[in-house]
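2 protein chains.
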Amino acid sequence: MTEKPSLLENSSASLASGQDTYERFSVDQLSNFVTALEAGQDSVVREMLKPLRPQDIASIIEQLTREERKWLLEILPKPLDADILSYLAVPVREEILPLLDPEALADVVRRLESDDAIDLLEDLTEEQKQDILQKVAPQARRILEQGLNYPEESAGRLMQRELVSIPVSWTVGETIDFLRAKEDLPKDFYDFFLVDAQNKPIGVVPLSRAMRNKRVVNLADIMDKDFNLIPVHLDRREVALIFRKYGLVSAPVIDEQGKLVGVITVDDVVNVIDAEAAEDLLKMGGLRASEFHRSIKQTTLSRWIWLAINLFTSILASLIIDRFSSTIERQVALAVLMPLIASMGMNAGTQTITVAVRALAVHDLNPANRWRFLIKEMIVSVINGSGFAVIAVLLAWGWFGDVLIGAIFAAAMFSTLLIAAIVGAAIPIFLDRYRIDPADSSVVLVTTVTDIVAFASFLGLAYWIL
Amino acid sequence: MTEKPSLLENSSASLASGQDTYERFSVDQLSNFVTALEAGQDSVVREMLKPLRPQDIASIIEQLTREERKWLLEILPKPLDADILSYLAVPVREEILPLLDPEALADVVRRLESDDAIDLLEDLTEEQKQDILQKVAPQARRILEQGLNYPEESAGRLMQRELVSIPVSWTVGETIDFLRAKEDLPKDFYDFFLVDAQNKPIGVVPLSRAMRNKRVVNLADIMDKDFNLIPVHLDRREVALIFRKYGLVSAPVIDEQGKLVGVITVDDVVNVIDAEAAEDLLKMGGLRASEFHRSIKQTTLSRWIWLAINLFTSILASLIIDRFSSTIERQVALAVLMPLIASMGMNAGTQTITVAVRALAVHDLNPANRWRFLIKEMIVSVINGSGFAVIAVLLAWGWFGDVLIGAIFAAAMFSTLLIAAIVGAAIPIFLDRYRIDPADSSVVLVTTVTDIVAFASFLGLAYWIL
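These protein sequences, in sequence, are chains A and B.
Offset between the first sequence (1-based) and this note's numbering: plus 349.
Offset between the second sequence (1-based) and this note's numbering: plus 349.
Chain A on its own, in the form it takes in the complex (with noise of 0.2 Å):
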């Protein structure tokens, strides 16, 4: 999929070499890695970890197995660089907390900006999270407890309490002075906050904007009045599609009285429009999250939860081919030609629900338009399904010589695919309009009526007409 310029190709020896290349190892130099550790060869092992990150170095622990992980961290210097930790898959760092002890954990959590410190003791049962509470200094536990209290998808949970802001009546002089003597600024800002005296924001000004003026001018007279608050309980989803559409890098976070608590940055924002895709993208697969990192044991269960609703649902589709199993046994070209009924319409079921799922969570479907979406859906599976039916008819009548269980067949076919986008496109907007998410459940829902549709139409117009 990429093409590596030539002057990258002399990736050597050592896992990265230096700045010389967009990747810091390559799959080759993953699997030296692994016979390294696996050789008990640390020293060998300790160099090849020593030009990396701390993301490299968690990408390759999450790329090891269960027994390797353990090699791994027995040989990572003590104690564990925070950084590591936060970057690991959720899986993955749910696998290794349990083999730090309190102390060493309590140490990560006090290194760590408040965003990632937070995301780290979720991962915890309840106790462990105290436990570690109680080691951290008075304020940070404050901070922490805080953020822990906001609802777990909201921009409470994202923000990082560390942030820059500024007094309104400022210049740009006075900005960097305070800049230049402040100790325990955030590692990286993008964005001056300026603040009134109730500590309410009122505007903003980019540092490049700010750097690029005098040291007279006012940042008054060169603030954005025009910016987006982020309100301190508003759904993670509904933060990445602001910081999307308006292209911010950060952003202010304010509470219910409109006073400054938080910033959000975008490297968190990135995180979440790639989780919330991706979620969407499982939960459409059957899946209730990414697996890939997750034991059997894990994997196996959750995976036996669909295919169990699954199996019930199809229940339901075959006790409707089973009240009309007498017309089958006289005419077997039903059973042959049913399923294919059954498959068109979950298609087309599925094409409708996916165009919705995707226009819901980017907010393109919303109730100002729902209905001329449902008909727009409607007219495209009327074209289509007279299309399919003209085939169905001339398909069945060609395989089987009887033009009656062709047109049948053709009338089963159009209705199945009307059905389909029908609810393809009303039980998603159902769903969401009453909270659920209508990646969760609307497969399942659709492609048992489609199911029952198809069976239904085609058996019981053959054993009325036939």
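Which copy is meant is left open, so a pair is good if it fits within one copy or across any two.
Result set (BS3-like, lysine-lysine): computed pairs, CA atoms no more than 25 Å apart in a straight line:
(1) Lys531 with Lys563
(2) Lys594 with Lys419
(3) Lys563 with Lys574
(4) Lys419 with Lys399
(5) Lys427 with Lys594
(6) Lys574 with Lys549
These are calculated hints, taken from the structure and not from any lab test.
Bear in mind that the values here come from a model prediction, so they are computed numbers and not experimental data.
Starting from the structure of chain A, add chain B where the hints point.
Below, chain B alone, put in the same frame as chain A:
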């Protein structure tokens, strides 16, 4: 899905009420807007648009009908705000571009930053494109033409040419003075890229760090030497993975000689992450692209193709059934139970495909661990397959009072689930290896296989045993 804190509830008559809301207009406001538009109340419409930003106006245009869009274009101030056009969803923009005259378009292109201008030029016909390029100043034209020459989904297309590169010998003070004096800088930037005499990047200094250091400090002393270089031909999906992994806000793009040619900023990457994730979702659902904003004609056509492919593969499965029609005539219970197995196989296969597609997209699944993945999927399917085989025996036995049919049903269920896991894991890996997007055709290939295995194993065993 979202909670609005009370202070945000007082958004009133106009579409936006300054800075005190995170949403610029609500659905209610949109319907008021449409009413005013349809009533021809141009001054009311203009008044409502006044407080809005280009992103909001683009979003309103997207939600209007074709007819309404034309009316609004008449009302919007001319020349049309370049940013509005650049924020529009592609299908809507494609609809609107022909309505603008070339002079106005050229003006828009002149006012956009290079990446946005290229993005817009891509939507035009070759003739229109050349026409507009002729109207742009030679230097800008050269930059745009170079950009259009990079492969469609490459870093070269994503980057902007306007950037801030600083000689590595400079101090903080020299840099600030340079910025204050220079006119034609990019609107926002987040990092200084330090270059050597050959214009090769050798270090990065985030703006916030530069600002916190005294004027006399050498940038070389505070720069990161370990940073990510993006080769200009790199696929945009890889660019997005790098930004996400390392939490980047901007990154330098280099050509084959390692020279700095552009910069990619996170706002563009956020769109890529979202677009790529959406693409996987839509492809898995049997769609080529989001059709939400597309016309009925375009939608019908793209759905048709997928349904036709599905009809063809379903016919293959039906041919198997036809082969065993005499067995079904003797034992109609087979016709009742067979869709159950096919449905279970399809669902199990889709689960495995979904995990694989997602894991391949983020490189979690790669040549180093693909065997481990395949084996894990097989183990999971053997466990679940055994469970469902037991249920299958009991179900068929209870339903039809025939333990032999139960046994056949169970055996077919088990083998279909196992095959579903094997092909569900192997096909995406195989497609990815030969650089075919696994989201593209995995579902159709896998369901074809599971359908055929389901029908052939169930009916074949029945034919042989009963």
